[in-house]
Amino acid sequence: MIRSEQIEPCAAAEHSGAWARRHVLDIEDFSVPEIELVMQTTSAMKEILSRPLKKVPALRGKTVVTLFYEASTRTRGSFEMAAKHLSADVVNMTAQASSVTKGESLINTLNTIEAIGADIIIMRHPLSGAHYCAAPHVKANLVNAGDGWHAHPTQALLDLYTILNRKGRIAGLKVVIVGDVKHSRVAHSNIWCLTKMGANVVVCGPPTLLPEGLKTAQLLFPGIGVETNIEKAVKDADVVMELRLQKERMQSGLLPGLRDFIAGYQLDSKRLALTKPDSIVMHPGPVNEDVELAADVLHGGRSVVNDQVTNGVAVRMAILYLLAGSREQ
Amino acid sequence: MKDLIVKNGRIIDPANNFDAVGDILVRDGVVKQVGTTVSAGPGSEIIDARGKVVCPGFVDLHCHLRQPGYEAKETIATGTRAAAKGGFTTICCMPNTNPPLDNLPLVEFVKSLAEKEGAIRVLPIGCITRGRKGEELSDMAEMSGAGVIGFSDDGNYVKNARLMKCAMEYSQPLGLPIIEHCEDPDLAIDGQMNEGIIATRLGLCGIPNAAEEVAVARDILLAQLTGAHLHIAHLSTKGSVELLRWAKQRDIRVTGEVAPHHLTLTEERVLGYNTAAKVNPPLRTKTDIEALIDGLNDGTIDIIATDHAPHSLNDKLCEFGAAASGISGFETMLGSLMNLVATGKITLPLLIAKLTSGPGRLLGGRFGSLTPGATADITIFDPGAEWTVDSGKFISKGRNTPLQGETLKGKVILTVFGGAVVFTDDVKTP
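Protein chains in written order, with our numbering: chain A, 1 to 329; chain B, 1 to 430.
With the rest of the complex left out, here is chain A:
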């Protein structure tokens, strides 16, 4: 029988010298070579995942804590699975954002978790920038698993990997992001990551769900196309990424109702026909079936939604692996 300890360190080990990052807080400050390193490392992790025994000792003896101030099924499970494939010990902690108001600050909570013995902390938080506030005060590696409307860097990386895997390139592709762009950290991180890698990004949604200020000339945000008409937006697209629609958006008056959203922004087969013949359909999940994506599109041949989930584990393995390497230097 093969013991996991005997498996050679993965092929990306030789690259880890190029990785100087202690935390992954965001994607906007990643350089192109760093993103490429993550992509290469992810491929190596995919290879491990294709083995019968999907475990390497890279993080043996390390403790990874997932700290989620917001509910999550797939992101948390994906990180946990990734850490376990790398032989880390994983502790899952759920926290109430309200504990902030009850007197324990985020920094105190993180210091406590460090004192318990965490080497890597994976945190999701409902307030944008929470990780920026925390990072200067923690010695552990901090990974952003989503903060408010701001960023979800590993999602952007797994989306990039999925596109790369299907298309073989990023530069010059037309990627259309549809739906609640304003409140979507997935959209925000994808805009940064994809434009950095040379894609032409167009965002499309009802005016109340598009971010403010995109049309003003500025250097503070990537230049992207903005469109409120989905037929115009998806024309000749290589990639269409629909975003999850939260029910609260209707309650808060941003949308008249689900029917209106579906009529205007659902990707159905008719709209899909306007894209390039070899286009792919993405969604960060969980999908509201027949809302953002028509069921036949979600389950059709162009959909790579399940690939995204699988690639998510590999990307997160890559991030954990690279961070653990940086820590030892």
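Watch out, some of these pointers could steer you wrong.
Unchecked claim - Some chain B residues judged to face chain A by a derived CB distance under 8 Å, without partners named: (1) G22; (2) R201; (3) G203.
Said to hold, decoys possible - Taking beta-carbon pairs under 7 Å as the criterion, some of the chain B residues facing chain A (in silico): (4) I197; (5) I198; (6) T200; (7) L204; (8) G206; (9) A210; (10) Y273; (11) C318; (12) E319.
Just so you know, the hints here were simulated from the structure itself, not pulled from any lab data.
All figures in this text were calculated on a predicted structure; none of them were measured in a lab.
We treat Cβ as the ideally placed atom computed from N, Cα and C, and that holds for glycine.
For this one, chain A is given, so just place chain B on it according to the hints.
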């Protein structure tokens, strides 16, 4: 009390349209003589102000002293000393304490505390509505008898237009202004910073200019209807300045104030989730700053008020969305605004007018001048002195400044309150 003689300073007293080098004689805590050379009698204290600017003590119509209720952020003792260091001799404190200043005993309490522990004059502002809840009027007449200088629910907008109309009607015979925090709470809901591309980049919910402007517009129309004196606190947008200008052209009784940070800092300060730059109304854009400066220059904006809002370390050392809003402003006010003078945006006499005669007029002309016979509240500052902001050296308990580490030019070196020196700059002490 010894005579106090301030010699050879550039005396700028906008209330009396005076700007010349000369001396000031203070006798028994009162300004005795201004301008001409004063020869020192035996035993008089002489302050050499050569190369310095000598002006009336600054008057701040808008600050937060946090007492009672939030003594970890500031107290009357620390706040008044920080203000004296900033050159202020009269400050008006907002009633958003805990409990809020909405009745006579609380106003008396703050006054007695200020009397006992304050370094300078503290004039309280009373709530418009009980508990600042926007539901029913507070004891406005009673508080006016106790000496409040106006009414404000600062931090909250009085959302109910009918209640605001009543408050204006009620305040009018009392001769006191309604000081309104103009911000439509629905438009500003969940807002963390100025709405725009930076908020988008940071994933923070934005506060549009219109959140302020619709509120300003409503209250201007109510002031027109009632004839009451409306004073608009901390104007931050171009549109608000235009509305105020419109109102003044129609002789509506409206005055307005602007805070130093809204005249000098833009929303870019928030980048990196800098909670020190979180303030309400939020830091806006260059366009807004230019309009606010125009408003100062053409008289649309009557005064500069600090909105000194001290907070404890933990109030700011947290997630941006959880951080308290506000800037500790007393001690950086002059240095930050002198840059507007240095860059030719406003003149020095105008700056001093907006800090002395302007607010003095809103207080019934009692303060903010060097008129012989007036209480001797005098500020002396060195317009050329460079210094670096070190919040660790603040007298205020609130170290929350976005100017930490920055070099400013212009420093208060001596503050005289009622004829007595209440602050001297360590380095410059003779």
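So, going through the hints one by one against the coordinates:
1. G22: violated, 51 Å
2. R201: Since chain A brings a Cβ to about 5 Å from R201 (chain B), closer than 8 Å, the hint holds.
3. G203: holds, 3 Å
4. I197: holds, 3 Å
5. I198: Holds, because the Cβ-Cβ distance from I198 (chain B) to chain A comes to roughly 6 Å (cut-off 7 Å).
6. T200: holds, 4 Å
7. L204: holds, 5 Å
8. G206: holds, 6 Å
9. A210: It is violated, given that the least Cβ distance between A210 (chain B) and chain A is near 12 Å, above 7 Å.
10. Y273: holds, 4 Å
11. C318: holds, 6 Å
12. E319: Because about 4 Å separates E319 (chain B) from the closest Cβ in chain A, which is inside the 7 Å limit, the hint holds.
Going through the hint list in order, the structure does not satisfy hints 1 and 9.
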